[in-house]
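Enquirer: Fit chain F with the ligand to the known structure of chain W by using the hints.
Chain residues, written in single-letter form:
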Amino acid sequence: MSTLSERILNAPAGEYVDRKVDRAFACDGTGMLALEAWKNMGAGHLADDTEFSIFFDHIAPANNSTAATLQHELRGFAKSSFMNFSDVGGGICHQLMGEGNVLPGEIVIGADSHSVTLGAFGAFATGVGATDMAAIWLTGETWLRVPETIGIRLEGRFAGAAEAKDLALAYVGELGTDGATYQALEFIGDAVKDLSIDERMVLSNLSVEAGAKAGMFYADDVTVRYLRERGHTAKPQIPESCMYSREPEFDLSDIIPLIAVPHRVDTVKPVDELAGLPLDQVFIGTCTNGRYSDMARLARIVKGKKVAVRTIVVPASASVLLQATRTGVLADIIEAGCTVGTPGCGPCLGAHMGVLGEEEVCLSTANRNFKNRMGVGGEIYLSSVATAAASALTGEITTPEVA
Amino acid sequence: MKTGGRAICLPADIDTDVVIAGRYLRTKDKSIWAAHVFEDLDPTLANRLRGAVIVAGKNFGCGSSREQAAVAIREAGVVAVVAPSFARIFFRNAINVGLPLIEADIACDEGSQITFNLAQGMVEVSGKRHAVKTLSPRMQEILGAGGLVEYWRKRR
Ligand code: SF4
Numbered sequence: 000m001s002t003l004s005e006r007i008l009n010a011p012a013g014e015y016v017d018r019k020v021d022r023a024f025a026c027d028g029t030g031m032l033a034l035e036a037w038k039n040m041g042a043g044h045l046a047d048d049t050e051f052s053i054f055f056d057h058i059a060p061a062n063n064s065t066a067a068t069l070q071h072e073l074r075g076f077a078k079s080s081f082m083n084f085s086d087v088g089g090g091i092c093h094q095l096m097g098e099g100n101v102l103p104g105e106i107v108i109g110a111d112s113h114s115v116t117l118g119a120f121g122a123f124a125t126g127v128g129a130t131d132m133a134a135i136w137l138t139g140e141t142w143l144r145v146p147e148t149i150g151i152r153l154e155g156r157f158a159g160a161a162e163a164k165d166l167a168l169a170y171v172g173e174l175g176t177d178g179a180t181y182q183a184l185e186f187i188g189d190a191v192k193d194l195s196i197d198e199r200m201v202l203s204n205l206s207v208e209a210g211a212k213a214g215m216f217y218a219d220d221v222t223v224r225y226l227r228e229r230g231h232t233a234k235p236q237i238p239e240s241c242m243y244s245r246e247p248e249f250d251l252s253d254i255i256p257l258i259a260v261p262h263r264v265d266t267v268k269p270v271d272e273l274a275g276l277p278l279d280q281v282f283i284g285t286c287t288n289g290r291y292s293d294m295a296r297l298a299r300i301v302k303g304k305k306v307a308v309r310t311i312v313v314p315a316s317a318s319v320l321l322q323a324t325r326t327g328v329l330a331d332i333i334e335a336g337c338t339v340g341t342p343g344c345g346p347c348l349g350a351h352m353g354v355l356g357e358e359e360v361c362l363s364t365a366n367r368n369f370k371n372r373m374g375v376g377g378e379i380y381l382s383s384v385a386t387a388a389a390s391a392l393t394g395e396i397t398t399p400e401v402a
Numbered sequence: 000m001k002t003g004g005r006a007i008c009l010p011a012d013i014d015t016d017v018v019i020a021g022r023y024l025r026t027k028d029k030s031i032w033a034a035h036v037f038e039d040l041d042p043t044l045a046n047r048l049r050g051a052v053i054v055a056g057k058n059f060g061c062g063s064s065r066e067q068a069a070v071a072i073r074e075a076g077v078v079a080v081v082a083p084s085f086a087r088i089f090f091r092n093a094i095n096v097g098l099p100l101i102e103a104d105i106a107c108d109e110g111s112q113i114t115f116n117l118a119q120g121m122v123e124v125s126g127k128r129h130a131v132k133t134l135s136p137r138m139q140e141i142l143g144a145g146g147l148v149e150y151w152r153k154r155r
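Chains as they are written, first to last, in numbering that gives the first Met the number 0: chain W, 0 to 402; chain F, 0 to 155.
Quick caveat, the hints were computed from the structure, so don't treat them as lab data.
Since we're looking at a predicted model, the values are computed, not measured.
In this text, a Cβ means the ideal position worked out from N, Cα and C, and glycines have one as well.
Be a bit skeptical, because a hint or two may be false.
[Stated by the list, open to error] Pairs of lysine-lysine, DSS-like flavour, derived with a Cα cap of 25 Å:
id : chain 1 : residue 1 : chain 2 : residue 2
1  : W       : Lys78     : W       : Lys19
2  : F       : Lys57     : W       : Lys78
3  : W       : Lys370    : F       : Lys57
4  : W       : Lys268    : F       : Lys57
5  : W       : Lys370    : F       : Lys29
6  : F       : Lys29     : F       : Lys153
[Unchecked claim] Example chain W residues on the side facing chain F (calculated, C-beta under 10 Å, incomplete):
id : residue
7  : Tyr15
8  : Gly175
9  : Thr180
10 : Glu208
11 : Ala211
12 : Ser318
13 : Arg367
14 : Phe369
[What the hints assert, rightly or not] If we take Cβ atoms under 8 Å as the criterion, some of the chain F residues that face chain W in the derived model are:
id : residue
15 : Arg22
16 : Lys27
17 : Ala86
With the rest of the complex left out, here is chain W:
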């Protein structure tokens, strides 16, 4: 009886295996380094049978001519080697892979730590660094240690203003930043069937903040329907009884709005405890919370009101932006005084826009609040979209009202 990782990797936990990679992707930053390693390996042709992609998302558009020159070279490589290529404004790699480009049971490797997001589709998805990616370009394979698995049992339904992000912060808080190192997470239990793909992506996304190698959901009817709408046939994965190293349980009805305070994702507090803390910036977006459902939730809360602090909204992909434009959600957001950036990572990594000044405080819907990440001396608090939206309206940390 196997865990989902054991099933997909076809070996028991603890074993080292070499496996063919179904899909491999890099972004602008890791892609440049991978290209360097690729050249140094003396490599020539890409491996057959693996789908390769490069997404420009981290520093897109480029912030200066050094970045632009490096991107120009990588763009040329992506095109001449016939990889899938998504240029500036296409969106964040994990989001674009998740828009119907990952299927259950696949092995998906991304040169970015949040590649775990794609475990939401029942794939074994994990992150590697740039040189590993270059070797995958060359061979179409990689070595993996089959991980042990922690079962995260989810029961009940969200109540009040709590959402998937609060649950994600709750489990990272409980496991700690290294609670799942070298292990995979599997999200199981009765509550899963009620979770949308967007919500699953949030939970999978944060798994690496607990050190996990993968954060997986079994494909079910929700997955199959989502993929069918995007032109794919997929089958549900039926869970077997299996051995988990631990099995913490969360009742969704107990989850309350939470915030991760600087500079750790696992130092989590109820929003209530921090209410009133003045903010300099609110940032809504990223591979955690930049999807259409997030934009719609933000719009619902701020519509007809005005934000009291600079609020940067960055849709996770062009299709999110387009949908928000078509439905009028974007107009509500802009009318409320928010500003909207090019789809991509935006201010998340402090590399090109929305950088914080010294002692500035930002409430962000991202997944990392490491010291100086968004700018030297800036402080980052992490929350759900509802908390970020409510706080944008007051200019201070504010508990969201019940939807």
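Expert: What follows is chain F with the ligand alone, placed relative to chain W:
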């Protein structure tokens, strides 16, 4: 390959943003990464790392997949990093760029002499030997080649 050096002690949960901040990632110049390694933790550290063995707390290298973190540490002249556990992407990256990692829970005494033998899975601190987890054969091969680039270059 060097097999020892003097200890520099670092705390637990050192993340890759602390190893090399995002603001230094817009270049391919390794000497810049080396010059700014651990800057947000201690700006004087970069100059003291040549020939040193870092002895850190658990979960070293957590956070992003940025390989520049491992390269910055190597380029600054660090011989090896010892910690009770490493974040897994950092682990792979370090091996791939030829930076030896040693999984061991040892008390750090700043400046003390540390020697290690990766093949035997042994680390010696001020004359006292500790057994450590050995690397998988593949990782030893990659490290032995000087990193994954060299490993593949030799095989082509
Ligand atoms: S949005 Fe942030 S966390 Fe996500 S891939 Fe981009 S930089 Fe990384």
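Enquirer: Hints broken by the structure, by number, lowest first?
Expert: Violated hints (numbers, rising): 2, 12; every other hint is consistent with the structure.
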